[in-house]
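**Student:** This is what each chain is made of:
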Amino acid sequence: MEHPMVDQPQQSKRDFLRYFLGGGVLAWLGAVFYPVFAYLKPPKQGDVEVTSVKAGKLSEIEKESGTIVRFGNKPVIMVRTAEGEVHAFSATCTHLDCTVQFRKDMGVIWCACHNGKYDLNGRVVSGPPPRPLDEYRVIIQADDVIISSRT
Amino acid sequence: MKTLWNRTFAWIDERVQLSDVMSFLGKKSVPVHRHSVWYYFGGVSLFLFIIQVVTGILLLLYYKGSEELAFESIQFIMAKVEFGWLIRSIHSWAANLFILSAFIHMFSVLFEKAYRKPRELTWLSGMILLFLGMGFGFSGYLLPWNEVSFFATKVGTDIAGVLPVVGEPLMVFLRGGEDVTGATLSRFFGFHVAVLPGIFTVMLGLHLLLVQRQGMSKPLSYEQLPATDQKTMPFFPNFMLRDLLLWLLVLNLLAILAVFFPWELGVKADPFAPAPAGIKPEWYFMFMFQTLKYIPGELWFLEGEVVGILLFSLAGLVWMFIPLWDKKSARGEENRFINYLGLFALIYIIVLTTIGWFS
Amino acid sequence: MVLVNNNVLAIVLCSVLALSTAFVTAQAQDQCLTCHSTLEDNASAAFKGDIHSRKGLTCASCHGGDARSDDMEKAMGTAAGFIGVPKGNAVSEVCARCHSSSETMKGYRSNVPVSQWELLKASVHGKVSTAGGEQILQCTTCHNAHGIVPVADPRSPVHQRNAVKTCGTCHGSASYMRRYNPSLPVDQVEKYRTSVHGVLNARGDAKVAECASCHGSHDIRPASDVRSKVHPLNLPMTCAACHSDVARMKEYKIPTDQYEKFAESVHGKALLEKRDLGAPACNDCHGNHGAVPPGVQSISNVCGTCHALNAELFTSSPHKKAFDVAKLPECETCHGNHEIIATTDNLLGVSPEAVCSNCHSPETNVKGYGVARTMRALIDSLEALEGTAAGLVSEAEQKGMEVGEAKFKLRDARQARLQSRTMVHAFDEAKFEEVVRPGMAIATVVMGEAQAALDDYVFRRVGLGLATLIITLLTLSLYLYIKRIERSPR
Chain A
1 MEHPMVDQPQ QSKRDFLRYF LGGGVLAWLG AVFYPVFAYL KPPKQGDVEV TSVKAGKLSE
61 IEKESGTIVR FGNKPVIMVR TAEGEVHAFS ATCTHLDCTV QFRKDMGVIW CACHNGKYDL
121 NGRVVSGPPP RPLDEYRVII QADDVIISSR T
Chain B
1 MKTLWNRTFA WIDERVQLSD VMSFLGKKSV PVHRHSVWYY FGGVSLFLFI IQVVTGILLL
61 LYYKGSEELA FESIQFIMAK VEFGWLIRSI HSWAANLFIL SAFIHMFSVL FEKAYRKPRE
121 LTWLSGMILL FLGMGFGFSG YLLPWNEVSF FATKVGTDIA GVLPVVGEPL MVFLRGGEDV
181 TGATLSRFFG FHVAVLPGIF TVMLGLHLLL VQRQGMSKPL SYEQLPATDQ KTMPFFPNFM
241 LRDLLLWLLV LNLLAILAVF FPWELGVKAD PFAPAPAGIK PEWYFMFMFQ TLKYIPGELW
301 FLEGEVVGIL LFSLAGLVWM FIPLWDKKSA RGEENRFINY LGLFALIYII VLTTIGWFS
Chain C
1 MVLVNNNVLA IVLCSVLALS TAFVTAQAQD QCLTCHSTLE DNASAAFKGD IHSRKGLTCA
61 SCHGGDARSD DMEKAMGTAA GFIGVPKGNA VSEVCARCHS SSETMKGYRS NVPVSQWELL
121 KASVHGKVST AGGEQILQCT TCHNAHGIVP VADPRSPVHQ RNAVKTCGTC HGSASYMRRY
181 NPSLPVDQVE KYRTSVHGVL NARGDAKVAE CASCHGSHDI RPASDVRSKV HPLNLPMTCA
241 ACHSDVARMK EYKIPTDQYE KFAESVHGKA LLEKRDLGAP ACNDCHGNHG AVPPGVQSIS
301 NVCGTCHALN AELFTSSPHK KAFDVAKLPE CETCHGNHEI IATTDNLLGV SPEAVCSNCH
361 SPETNVKGYG VARTMRALID SLEALEGTAA GLVSEAEQKG MEVGEAKFKL RDARQARLQS
421 RTMVHAFDEA KFEEVVRPGM AIATVVMGEA QAALDDYVFR RVGLGLATLI ITLLTLSLYL
481 YIKRIERSPR
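Chains A, B and C, in that order, are what the protein sequence lines are. Going by the numbering used here, the first residue of the first sequence is number 1, and it counts up by one from there. Going by the numbering used here, the first residue of the second sequence is number 1, and it counts up by one from there. Going by the numbering used here, the first residue of the third sequence is number 1, and it counts up by one from there.
None of these hints come from the bench; they were simulated from the model. All C-beta atoms in this analysis are idealised placements derived from N, C-alpha and C, irrespective of residue type, glycine included. Just to be clear, a hint being listed does not mean it is correct.
[Unchecked claim] Label-pair restraints from in silico Cβ distances:
1. A:Asp144 x C:Gly336: 48 to 56 Å
2. C:Glu433 x A:Ser148: 34 to 42 Å
3. A:Asp144 x B:Ala194: 23 to 31 Å
4. A:Glu64 x C:Ala174: 54 to 62 Å
[Claimed, not checked] Beyond 10 Å from chain C on every Cβ pair, some chain B residues (computed):
5. Ala79
6. Gly198
7. Thr291
8. Leu311
Turn these sequences into a full structure, and let the hints steer you where they fit.
**Tutor:** In structure tokens form, the structure reads like this:
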């Protein structure tokens, strides 16, 4: 910024202003670089959580198994029947919103809160749930299992 | 301190003749007249572009350009990365302000006839930059992979697809397949961070070089003044400091927008879900989108949409080549036709954008 | 062709004639009966006591022909409109000729309804029978053909005392029912005889319910039909028709407020207001054909058909034995029966409204007193934590902060609280804590995350303010600097 073209008079005021300007530039640099460097710092949770609707590889999902897949803010339970069909349901129990789980020993989707049971088509078998689990669409593309919501 | 500075300067000057550049900058002046304010918009556009480059590179550190991770990675940036929300919101806001500022820049150049000889190439490169900028917008819009962007891209590429002969292959090229899928996302990501920036940088270099070579354009009315009445201001440091001042204000504006109106992320795109109601393109495509809605389905022997697109392409070409056919301005005469044309285009764009926005 | 047409015309004319003569001949001497009585056939014998005979109707009223003529050829000739024994739906149509016409019925000073035939046709018994071409039931199936007497007459097959047997003729026969509804049980009569209703009915009590009391008579529909009187949504009202009738119930010395209580209960609200068919109606606890109040020791089993986990926990808890000894009706002791309201945490603990304090006090049953107090304290603090966390999360969300992660975790805290409410039934402090503690931990984490989001919200604004201040300062000094440059002489 130093250049002979810059004027000379009003020495004291100029100095004051220039300090001000210099200080301003420094503070500004701080205001800009602080967020940038903070941004560059790797966050606590190292990487994006794989919370996609791509639920996995069909060949890797065991028969007679069930897993909870996170679907945005909602849990989805994906079950594979003994026959190899894959179904996905909202894992939120229709009774009081607990999260359901697959019970291989019972062969049902089970809610721990009040022993609600659903069959692998999401229909109520026994217990207090008033209606079936909401079903999600399962699309199998090549070997990928994709869970998609019905809208 | 001063001596060190001087010695460094001298060292470099000795090798690359820095003083030539300095004296060039020192001599460079900016005309002062009542339309001088419009000179700033080129600079503001440049500044916003720089912001885009910086924030874009920062986003690139966390963004993942794939169907299953794109949305989540932006969610991650917004929620987990420190100041990620700021960087992303600034990137989104600056993108929009960039287009706005570039449009203002273009219209001011048009009304001042600054494109006239010898600045035809500057105008041409500027128009290319604007188109590239819109390309940035279109490709960048899809990257969050949310519902709105997904369907807007679907509609946008669909429109390209109706063009005769080239439409179908163009659409397939843009989409990387028959449909908008993860392949489209990868492709748009590539366009957005590699292809477009490359071309843009070259064009921008050319544009700026031309501006420096030819100096600031002077309006006709100013040029006709006697030389003594032609007031000027040194580019360095006077105009440049003013530029900086404005840039600071723009940066502050961006920060305010980012904090108070953080850019929303919406819901993740579901390719199998039906399109939600009210899918709209970005506002700078709105006037074209809205026009297509008004054109009847069948026009003469052509599809209405095709006619619309062809008309817009034609208008774009005519617009782009204004410096070549506007002989009057080139001769230094007042060409009112251009004013009316510009005014018509401006009003047309504003009115249709407004209708589209509120419909 | 011509011949056929003539025949058809003749038949039509004859039936018109027969119809019009039927009323004329009503009061006249019934020659058919005179003759048939000498044959001593069952039909004519039965018809003498028939309400229709008493009202002056003759054989010809239903069978056609000319009852005034003693000439067989003439009386039972086609010219007189004789139709012989009607087959299939024609049987009921003959009855309906009068019984569907209010005019005609008024003529006989009868006030029996005239909708039976239409109702029967629309009912489950109106379906086409396996024989084809006709419906399953005709009027005569239940009411007899000859010797029909009013329902109030104890000889009527549909009289209060006989109805069960009449319905049971078909409904008790597995081989018959298999033809229409193989999955329908055929033990209803048997069960009915074990029920309070059935026992009193057998003793000749005319006021207790028999089949038609609940199922309707002509308009019987399957229980799955929403129009059926025994469809779960309608059943409570059907039972209440008698059981809420104070005068009717007086001699049995049982309360009559069950319906009112049920309608206010969590089950009643779910069933009657939310139309949730999973909720129990009267029969789900009392049985339907074998309706009796559940015994004291089987209550947890009855409730346990739906509330399985609670019942299981209760049965293996120390309370099971204690309740049995004290002859306390298991679930009902704390939750009530018909008036069960949505359970709140207030039931637990040692405060006056808590049910635990009915038996446990600092003086008696001290151990349980302590457990109840601890469990209540635990669940209260879990709820408080969860509430605070939820409040913070929603506040952060309203402020536009991304708290999806925290929201997701909050579900687990809620789940822990719900599970703990079930776990109460183990009446075991350690088991209870096992569920509550993790819930508290999650709620605390969520609170932290939400608070961080809120802090960040403030931080953003403060940061912006600071940055704006800096930029304004810089802009100002830059502005002054520019002014200086421009003022100064070149």
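**Student:** Compare the structure with the hints numbered earlier in the document and write down the numbers of the violated ones, lowest to highest.
**Tutor:** Hints 4, 5 are the ones this structure does not satisfy, whereas the remaining hints hold.
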